[in-house]
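Chemist: Sequence:
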Amino acid sequence: MESKLTPDQEQSYKNIQVFFKDEDNPAIVIMGSAGTGKTFLTRYIVDYILNERMGSVAAIAPTHKARRVLEKTLNTERFFPVPSFTVASLLGKIREHSYIGSHKYTNGSKQKMDKFEVFILDEVSMVEDKDLEEIIDYICEHDKKLILVGDNCQIPCPSQIVVREGDICYKPDSVAFTIANICVLNNIVRQAADSPIIRIASYLRDNLLSEISLDDIIIGSKVSTEDITISCEDAYSQFISERQANMDVRMISYTNASIRRHNTRIRRDLGIEDRLIVVDELLTGYNNVGWPTPVIENGTDYMVSSLRQTSRHMIGNYSGLVGYLVDLVDLVDQSNISRELFFINVRHSHNANFMKEFVRRAEHVNKRYSTKDAYRKYCALKNKAVFLEDVYNYCGKIMTEADLRHTQPLLFTKVKEVIDTTTKAIAVSELTEKLRNTYGEIIEGRLIDNKPFADGEVFADQYMVVEKDIYYGYAMTAHKSQGSTYESVYVDENDFNKISDRWNYKLRAMENRFKEKNQLKYVACTRASKKLRIMVS
Numbered sequence: 004m005e006s007k008l009t010p011d012q013e014q015s016y017k018n019i020q021v022f023f024k025d026e027d028n029p030a031i032v033i034m035g036s037a038g039t040g041k042t043f044l045t046r047y048i049v050d051y052i053l054n055e056r057m058g059s060v061a062a063i064a065p066t067h068k069a070r071r072v073l074e075k076t077l078n079t080e081r082f083f084p085v086p087s088f089t090v091a092s093l094l095g096k097i098r099e100h101s102y103i104g105s106h107k108y109t110n111g112s113k114q115k116m117d118k119f120e121v122f123i124l125d126e127v128s129m130v131e132d133k134d135l136e137e138i139i140d141y142i143c144e145h146d147k148k149l150i151l152v153g154d155n156c157q158i159p160c161p162s163q164i165v166v167r168e169g170d171i172c173y174k175p176d177s178v179a180f181t182i183a184n185i186c187v188l189n190n191i192v193r194q195a196a197d198s199p200i201i202r203i204a205s206y207l208r209d210n211l212l213s214e215i216s217l218d219d220i221i222i223g224s225k226v227s228t229e230d231i232t233i234s235c236e237d238a239y240s241q242f243i244s245e246r247q248a249n250m251d252v253r254m255i256s257y258t259n260a261s262i263r264r265h266n267t268r269i270r271r272d273l274g275i276e277d278r279l280i281v282v283d284e285l286l287t288g289y290n291n292v293g294w295p296t297p298v299i300e301n302g303t304d305y306m307v308s309s310l311r312q313t314s315r316h317m318i319g320n321y322s323g324l325v326g327y328l329v330d331l332v333d334l335v336d337q338s339n340i341s342r343e344l345f346f347i348n349v350r351h352s353h354n355a356n357f358m359k360e361f362v363r364r365a366e367h368v369n370k371r372y373s374t375k376d377a378y379r380k381y382c383a384l385k386n387k388a389v390f391l392e393d394v395y396n397y398c399g400k401i402m403t404e405a406d407l408r409h410t411q412p413l414l415f416t417k418v419k420e421v422i423d424t425t426t427k428a429i430a431v432s433e434l435t436e437k438l439r440n441t442y443g444e445i446i447e448g449r450l451i452d453n454k455p456f457a458d459g460e461v462f463a464d465q466y467m468v469v470e471k472d473i474y475y476g477y478a479m480t481a482h483k484s485q486g487s488t489y490e491s492v493y494v495d496e497n498d499f500n501k502i503s504d505r506w507n508y509k510l511r512a513m514e515n516r517f518k519e520k521n522q523l524k525y526v527a528c529t530r531a532s533k534k535l536r537i538m539v540s
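So for the sequence shown, my numbering puts the first residue at 4; every next one is plus one.
Any given hint could turn out to be false.
[Unchecked claim] Calculated lysine-lysine pairs in the BS3-like style (CA-CA distance at most 27 Å, straight line):
1) K107 to K370
2) K225 to K534
3) K24 to K147
4) K375 to K437
5) K113 to K96
If you're looking for bench data, these hints aren't it; they were derived computationally from the structure.
Based on the provided sequences and hints, a complete structural model is requested.
Modeler: Spelled out as structure tokens, the structure:
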């Protein structure tokens, strides 16, 4: 390669060469914060492995978006492409029968892993510990090699189990960063050393374990308040200008409510609020749609390249359905186009009978002791349309997630906070009593049902009848943005400040969350490649 390695990269590269000669060491970690050149070094290492015939290589990433980015990085100008997989695909994960709103997967065949000698797992901080441990067990058992690449300053997997130490509890970082054989990259290469983005990222990296304010960040990173902060109104105005100038721009927040608010405001300012969808609409996948060839992938950014309104669409026995037939372009791989997807208008009166039957089938899935056959009948309708919003049916009333959260916030309690899903014991806590006082035997009812417990399951999952497939993508959560880079980013400071310490009823200790807040801010700020603005009131 013509490009020169930094001293850190050079040392890591030498360590990799030694690693391949060490028969007793199955795994090595390349760890570096934003801008240290992890991706470039990964490409460099893959070239070395292939050129020296060290073995066949498979690239792995936790999400479809991260996989596409990694695939593009490794295979540009390569005659024989390096195969890439998501962690779920590599482990042969299969979705189990559960509630509409719950996602529970079991691992199946690992036949895909048998074909390769070397595995490179990128964005390892986002991988569940149990999945990583399963991969490492396989590597050790079959005498293969594993290279883990990641940033310990980024947030761990959302389903990471909270642990208690003394009087506090917290979410630990990925188990990957406890591996002894680790290479650390410190030299910044992505942007200039005096970039305000890198200065802020470096300050957050060095102060993850401290409670810090925006003022602390600005002073500590030696950036100008005027250059980095912006009012919300000015942010919307600049966002629209940049969007119209074809810049790759996003707003990043913490909560789904904030994302909905920002997307609604931006679409209003673009003059498209009264339309379901328009050409050039920016969308983000929230579900995996289509099998075996996916047409929408969770976490992937899309642009609407064309659409036509229809009032004659047919699904099964239902005709005259109203919506749009849409072509979507994958923004990472623009040769990947999903054509003629039917985006249904769930609020249109002509779709009422279809939606009533859809809800009826969903309720059969959510009922106790429901069968896979009920889910198949539900999917016979669900897989023929694309949905833009989550829908719940609670006490006979159809409502959005925002409405249900507002009126019934306790339903969004995680099931694992009040049920030990291993022993099936109900926790004795104030939270348990609150749920019982409000919803009667909802906890006991969950135990009676035969559906497996999902990692992030909340009680509201029992009432979800439509899970959105895709949503407006002008704004997104920090979790959703992880693994992506955009030219311009606006970070909603006020929304991130909603993160505060809270009482953990299950562990009976205060949950320390300032590190989590700093990691989320770090992720949000480091999505920007050229311009970063922090939104303040």
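Chemist: For each hint, tell me whether it holds in the structure or not.
Modeler: Tested hints:
{"no.": "1", "hint": "K107 to K370", "verdict": "17 Å, holds"}
{"no.": "2", "hint": "K225 to K534", "verdict": "16 Å, holds"}
{"no.": "3", "hint": "K24 to K147", "verdict": "12 Å, holds"}
{"no.": "4", "hint": "K375 to K437", "verdict": "33 Å, violated"}
{"no.": "5", "hint": "K113 to K96", "verdict": "9 Å, holds"}
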